[in-house]
Amino acid sequence: MTSIKPLRDLGLSTGKKARLHRILYQHGLRNGTALFLPYDQGLEHGPRDFFANPAAGDPNYIVKLALEGGFNGIAIQIGLAEKFYWEYAGEVPLILKLNGKTDIPSDDAALSPLNATVEEAVRLGADAVGYTLYVGTPAQEHDFAQYLAVRRDAQRLGMPLVVWAYPRGAAIEAKGGKDSFYAVDYAARTASELGADVVKVNFPHPEKRTGVKAPYEGEFSSQSAIDAVVRSANRSLVLISGGGRAGDDAMVEKARQSMEAGATGLIFGRNVWQREHDESLRFVARLRDILAKYPSH
Amino acid sequence: MTSIKPLRDLGLSTGKKARLHRILYQHGLRNGTALFLPYDQGLEHGPRDFFANPAAGDPNYIVKLALEGGFNGIAIQIGLAEKFYWEYAGEVPLILKLNGKTDIPSDDAALSPLNATVEEAVRLGADAVGYTLYVGTPAQEHDFAQYLAVRRDAQRLGMPLVVWAYPRGAAIEAKGGKDSFYAVDYAARTASELGADVVKVNFPHPEKRTGVKAPYEGEFSSQSAIDAVVRSANRSLVLISGGGRAGDDAMVEKARQSMEAGATGLIFGRNVWQREHDESLRFVARLRDILAKYPSH
Amino acid sequence: MTSIKPLRDLGLSTGKKARLHRILYQHGLRNGTALFLPYDQGLEHGPRDFFANPAAGDPNYIVKLALEGGFNGIAIQIGLAEKFYWEYAGEVPLILKLNGKTDIPSDDAALSPLNATVEEAVRLGADAVGYTLYVGTPAQEHDFAQYLAVRRDAQRLGMPLVVWAYPRGAAIEAKGGKDSFYAVDYAARTASELGADVVKVNFPHPEKRTGVKAPYEGEFSSQSAIDAVVRSANRSLVLISGGGRAGDDAMVEKARQSMEAGATGLIFGRNVWQREHDESLRFVARLRDILAKYPSH
Amino acid sequence: MTSIKPLRDLGLSTGKKARLHRILYQHGLRNGTALFLPYDQGLEHGPRDFFANPAAGDPNYIVKLALEGGFNGIAIQIGLAEKFYWEYAGEVPLILKLNGKTDIPSDDAALSPLNATVEEAVRLGADAVGYTLYVGTPAQEHDFAQYLAVRRDAQRLGMPLVVWAYPRGAAIEAKGGKDSFYAVDYAARTASELGADVVKVNFPHPEKRTGVKAPYEGEFSSQSAIDAVVRSANRSLVLISGGGRAGDDAMVEKARQSMEAGATGLIFGRNVWQREHDESLRFVARLRDILAKYPSH
Amino acid sequence: MTSIKPLRDLGLSTGKKARLHRILYQHGLRNGTALFLPYDQGLEHGPRDFFANPAAGDPNYIVKLALEGGFNGIAIQIGLAEKFYWEYAGEVPLILKLNGKTDIPSDDAALSPLNATVEEAVRLGADAVGYTLYVGTPAQEHDFAQYLAVRRDAQRLGMPLVVWAYPRGAAIEAKGGKDSFYAVDYAARTASELGADVVKVNFPHPEKRTGVKAPYEGEFSSQSAIDAVVRSANRSLVLISGGGRAGDDAMVEKARQSMEAGATGLIFGRNVWQREHDESLRFVARLRDILAKYPSH
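Taken in sequence, the protein lines are chains A, B, C, D and E. Counting from 564, one number per residue, gives the positions in the first sequence under my numbering. Counting from 564, one number per residue, gives the positions in the second sequence under my numbering. Counting from 564, one number per residue, gives the positions in the third sequence under my numbering. Counting from 564, one number per residue, gives the positions in the fourth sequence under my numbering. Counting from 564, one number per residue, gives the positions in the fifth sequence under my numbering.
Do not take every clue at face value.
Copies of the same chain look alike in the list, so a pair counts if it fits in one copy or across any two.
[What the hints assert, rightly or not] Restricting the straight-line Cα-Cα distance to at most 27 angstroms, the calculated cross-link-like pairs of lysine-lysine (DSS-like) are:
#1 Lys568 x Lys646
#2 Lys856 x Lys568
#3 Lys664 x Lys776
#4 Lys568 x Lys580
#5 Lys627 x Lys568
#6 Lys664 x Lys856
Worth flagging that the hints you see were computed from the coordinates, not collected in a lab.
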């Protein structure tokens, strides 16, 4: 078991440390772990994601769920933050997702455009901002340029920067795909080299080996793969993304392996709210049981 | 029957609330519903739209029609606002349409460029601004970037932002087309996620199913489709666009279903002014009869 | 007993509400009351204030005392915030005091110059900023101008603004003095009229009547005076300042009357730390007992 | 013996720490102590200060003396830095003195105007900037305002800020004078509250008691006075100024007491260069012998 | 043997000279030569480069290695600088690498986007900045434009600019490849013409002649090729890049020839840290033995 990286050892500025401390020690289990509720699928995939549980289409339902479930934060776009967060302001941390796009046009040269600024996150009392970096697309240079401005604003204003580090594009598809150990490991490292305070990655699949670079062609257990990914992120905290809905036991086991590897926590959306309310909370309780076993003080 | 969303529950800033209150409670039926007259077709389609009723080519005729018809506002481009609104300033609310384009070049990667600014809307005494967002085109990232600046100005200046949420582009055509339930629903949600105060959509066509995402492949009544669209817009008020000229009874029935779904009102142009003056007013009277049945206090 | 003003009824923006919620409900007694530790006397009076308890000259001792005493926040100047807050970032809220001065030159036309900005408060993760407004001095116009810029930055960035509303100058001395009911009442109202989110005032002395305006010449109990002051502040929360060291019982009774009047809390410095460590905590415990009786939910 | 404050415990940003490390550990005795050569007397007092040793009027002579004497840095105005530092760039650290004035007009409301910027210090490869803050003058509010801009630039660019904390003005003269324990102690604290990384003060004279605040009226040894001043500076490093030429033994004893109190070092100008070259170096050797006894690691 | 170019003859501004002096004479062998440790491979190639020695994936291990090995500097991206350099600030010079990219998408029109600014390098106390210029790609015009802004900032702030002068793209592949004498020589000259203070090149391969321009078709010894390259760089200092892991003896011989040609030093990454810790230091010792033979005073 690798221990979670303690805040004081991460080279954080005062403001970033203050805000991450609030997220990690004044919400959720208050033990340095984190469970986040991402809710930008209405933009990223459209309302189709809410058909499984129509109540989840209402942002108010989701913010309340975040409170009831004891989440450490909710990640939403500016429109929902402007119209729904006031009522709960300060009760659950806000991670303002700064960029986002629809999935209608082709993803070949994916770039997620900015929809809000770090200063707006400050204005709304957010405790972190989120940025989706598509690692490996042909649009990489535009993405890095857009990201640079966000990172500098976040540095200037002491705002923790959570990077959704997502491998994408044709070259990634040809080299193992976006969930391969190679791709996820590279994405985690890229976010770290570029100054992410927190990196959100998908769980790596070491069995996806077609086209990956030589060192990744070997046999790796999923535990050794996630261990490596967390190490690649070095002083960036790691969050494991739930991704699309999957079996609960498998998700819980992924969560356990992630925490064992030294991840700080989980960011689970559809697996949480694509089911009936009380069932959501029961699943959340299972995730919290895992997190409770990995305190960081 | 879903009730119209009351202003006080929408997370609006003081200035936005003041201006929307003027539009919804001091004009038209003064009951919280809205009937808008859009008049940017001269730019969007060219003067061909005025051949059915040449008098309608004169902006002065249209502004007077808006007054006579008891509209809650008129949506026009900067040029007409500069030259025609002075005379009626304050008598009928002005929605300054900020972007717009001709329909001469291809629509494949449609982007509607800015022709005016939020600050100009303030200068002219406008009570809202309008922005056309083409959801799903390959130009999406440029559109979002342009929109971001508009939204921030509107936020800073307390100006309500009405988003013309229009699905467009090759990918949309391949996934059910721009009027499909899938496309309209996604567009409404996108505008809401990106901070629209009011969303203008076309009436959804659930029968357009070719290529749509799985959840939209089922059978949906038009009522259940428009219900879903209004829900997807959550705290953004919804306006239903009339679109091209169609049969009056069909239009009135669409209007009724929209209001039943919780829409705030209608934005009807060609269906209103592509006919002789008194006929226009008779059709407007039928629309007002509908709106009168859905007061919001 | 007047109840404390609840946050949701104060016309606060999202960010200000989020930050005040953190201060009032996630620290201290978590019941909507507040106990703040001000520590800018090293600048305002010089190190002489630390001779009574030399340990108090060390800012680290004071921040720890704030944690041990369960304070809702600590108010310090930028120099101490830069060098001492990192270690405790997020554990106790920071109120960055933006202006301040030495007491060496004459106070006749007192103006407290800016030493830091609202943006720096954001950078350091502060939850509020403090500004000393000298009400009634000949320098009033410069003070108001300087304050205007601070207030606008605070508004833009969603940062609660705490105004030290201090009557000062020759004219005040001629009209009852800086602690008269007349002067304190006027100062509270001035801060409220100028947009303070929280007003810090000294406890009013209705018996100081020489030279005050006619309505203040009558007999007022201290309870009725503090009642009036809190009413004058209307939707600005009120904090009562401890001022110089005085008898404990008298201070506790002032605290009780203030809370009874609807004040949100207390801001006591020298009365707390100008004594030995454990004695400080015992006095704080008495203050907390008072606050516990006036919860706001 | 109080130990020198180690860099890692001072709440410094990366750039400030890097530059102070260079000054304290890569120059001079390389043991964490510092000996600086100030050379702005040509501006502050005029060439009269060079009559004792005309060679010292040549800045080139002085920079070479700083190298020969193993100084940790030289503090000069922009004009001399521009014209004389290139030749020795990097060999001895440059402290660019940002403000300065002649002593021709009255000092009653002294304010030292800016002659250069922090960015110019960066351009010249300086490792620190110096600012004279006149504590207690009627011009205090203008001084603080000017200082604020300098401090923010220094913070933004990671440049250590050395504050010449000098009590001045009529009120100071009436309260013990500029060298009184009261005045020096207050000045050290003021610089610390306002964010100085290093404070330069004169050695305090506890025997100057006429008009000082009560706590300073007692009997204090010079050691206890300098101890208190270093404590008042808390996490700002302290440099003791040599001031005008005085007896060598007295100066060396002051130096010893200062280091004993926890000061980081000395900044001696006239006492060094107002004598013949080799004599200067012999005096410097005595100072270095003191510093060698107070290493900080 | 050509002698190393002395700093005073290079037309450097004061700040650039100060910083290069620190790098060349206050670190490493302190004799005017340089050995740099580049560590941006985690971004440029991904974590696969760390599989040979997993410890090397930890930036902290690398910075310590730079200290133990007596390197003159470490070249890293902003993310690692922000989170790992504070601890060692000032102990080993920082070269902040300003641009960088992943190697996932095609290199045909390679452009390395900016991830940080010169001002950030100043803020972090860096002594130089690094920029990768891809000489000869179709994206050359964007690269030059981006470089222009960096060079101007470096000029304004007195920051030495190290250019990674790398021939790249289809045209280069058709004209001898990126390591040909022709390509390396042209790249060195390009960097010099565009204002590099230091040029980093790969060792030229005169035997790669297919497609090169006529003058490079002759027989050249590797010594005469590197001699020419250093001459092409004229007053830009030259660093020879180690590139991928190769045989130690070959590397050492390359190093010797480079220094013989008048290069200032070496920048070796994978050849250093892709092996066990003590082995790394033994290899570094061999490189230092070479550098010791080429002092520049």
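Going through the hints against the structure:
1. Only between protomers do Lys568 and Lys646 lie at most 27 angstroms apart by alpha-carbon distance; the minimum there is 13 angstroms, versus 35 angstroms within a single protomer.
2. Taking the shortest alpha-carbon separations for Lys856 and Lys568, only the intra-copy value of 15 angstroms comes in at or below 27 angstroms, while the best inter-copy value is 39 angstroms.
3. For the homomeric pair Lys664 and Lys776, the shortest alpha-carbon distance between copies (17 angstroms) is at most 27 angstroms, but the shortest distance inside one copy (30 angstroms) is not.
4. In the homo-oligomer, the alpha carbons of Lys568 and Lys580 lie at most 27 angstroms apart both inside one protomer (13 angstroms) and across protomers (24 angstroms), since each shortest distance falls under that limit.
5. Taking CA atoms no more than 27 angstroms apart as the test, Lys627 paired with Lys568 passes between copies only; the shortest distance there is 20 angstroms, against 30 angstroms inside one copy.
6. For the homomeric pair Lys664 and Lys856, neither the shortest alpha-carbon distance inside one copy (36 angstroms) nor that between copies (38 angstroms) is at most 27 angstroms.
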